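J.: Sequence:
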Amino acid sequence: MRAVVFEEVGRVSVRDVPDPRIERPDDALVRVDVAAICRSDLHFLHGKAPLEPGEPIGHEAMGVVEAVGPRVERFAPGDRVVVAFDIACGRCWFCRRGQTQLCEDFRMLGAGIFGGGLGGAQAEWVRVPFADTNLLGVPDDVDDERALFLGDVLTTGFYGAALSGIRDGDTVAVVGAGPVGFFSLQAALVHGAAQVLALDMQPDRLALAEKVGAVAIDVSERHPQMAVADRTGGRGADVVIEAVGDPSALFTAVDAVRRGGTVTVLGMYTSETVDVPAGVWWARALQIRFGGICPVHAWWDRALAEVRAGRIDPLPIISHRLPLDDAPLGYELFDSRAASKVLLAP
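Note that my numbering has the sequence shown beginning at 46, numbered continuously upward.
Just so you know, these hints were derived from the structure itself, not from any lab.
Model, not experiment: these values are computed from the prediction.
Backbone N, C-alpha and C fix where the C-beta goes; we use that ideal spot for every residue, glycine too.
Some clues are possibly wrong.
[What the hints assert, rightly or not] Label-pair ranges, simulated between beta-carbon atoms:
1) 266 to 358: 26 to 32 Å
2) 319 to 63: 38 to 44 Å
3) 149 to 91: 25 to 31 Å
4) 325 to 63: 23 to 29 Å
5) 95 to 186: 38 to 44 Å
[As the list claims (entries may be wrong)] Subject to a maximum C-alpha distance of 25 Å in a straight line, what follows is the list of computed DMTMM-like cross-link-like pairs (lysine to aspartate or glutamate):
6) 93 to 371
7) 93 to 377
8) 93 to 78
9) 93 to 53
10) 93 to 52
11) 93 to 149
12) 93 to 380
13) 93 to 320
Using the sequences provided together with the hints, build the complete structure.
T.: Okay, structure coming up:
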């Protein structure tokens, strides 16, 4: 089959690789109809997390079940499904508590650093272990492009808003209006925020944020702390969601939150070390919550309900639709921020 593979730092290609097959009785084989390039894929592209040359990549996909092992009970050939990016066993102590991102057998599609051995989802086919846990059935009234992001970024944004403890009437600021931030903005409104503020410096991202009801704040033109203070009677935001994964974004979030407020960190960190002014944070009584990897299995049903109701709209974030063989171009566009979200069709 054709699949996107990591070649070396800064370069991917599309190659013929062995077809996946049912290896365990709880496996499913999914024919991929559409996949997406995710910001975390760029961590591997730039060498921030290790991959071996020739290793298939990608973890956002939806498609149709083509075959299942004998122990798969919830899915059958022909079912439309979204694939969870974070593969969990569904049975260990953490999984039983709903913390599937901490699974004792945790792996991630297209990411050898997290166990590997699964291949990537930017491909014609993908093998999904523990299929009853790691597939989400897609109802007929939800098309592929509205369902796709439930396996990762949409549900991650929803999780971040839920984790933040948003109260009715709160002001929520989101640092970084990329894909995770875009969905965090919408989810904050779903959770009762009275106003949501998008902090970014990319005009196209800020325009998308405005489309879904956010106030756009260009941090290249205005200091974010002052801009947020002006919208909150000088206090700062009740909740700030950091959706970048960079120490500077974390400090921006802390500057923008009010005393006693909550900062939720959704951005992906790998080897970064951050020196924090612990005394200042303590004196301001801040709640700093690290979301870590999103346990999509615990949240995607609720996120799907919001998509079906029209309260979360994934479509505006999609800027490019390319055939799978054009994946290197898609990575170039996404890496240069010339694209907000790139879809790949095998």
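J.: What are the numbers of the hints the structure violates, in ascending order?
T.: 4 and 8
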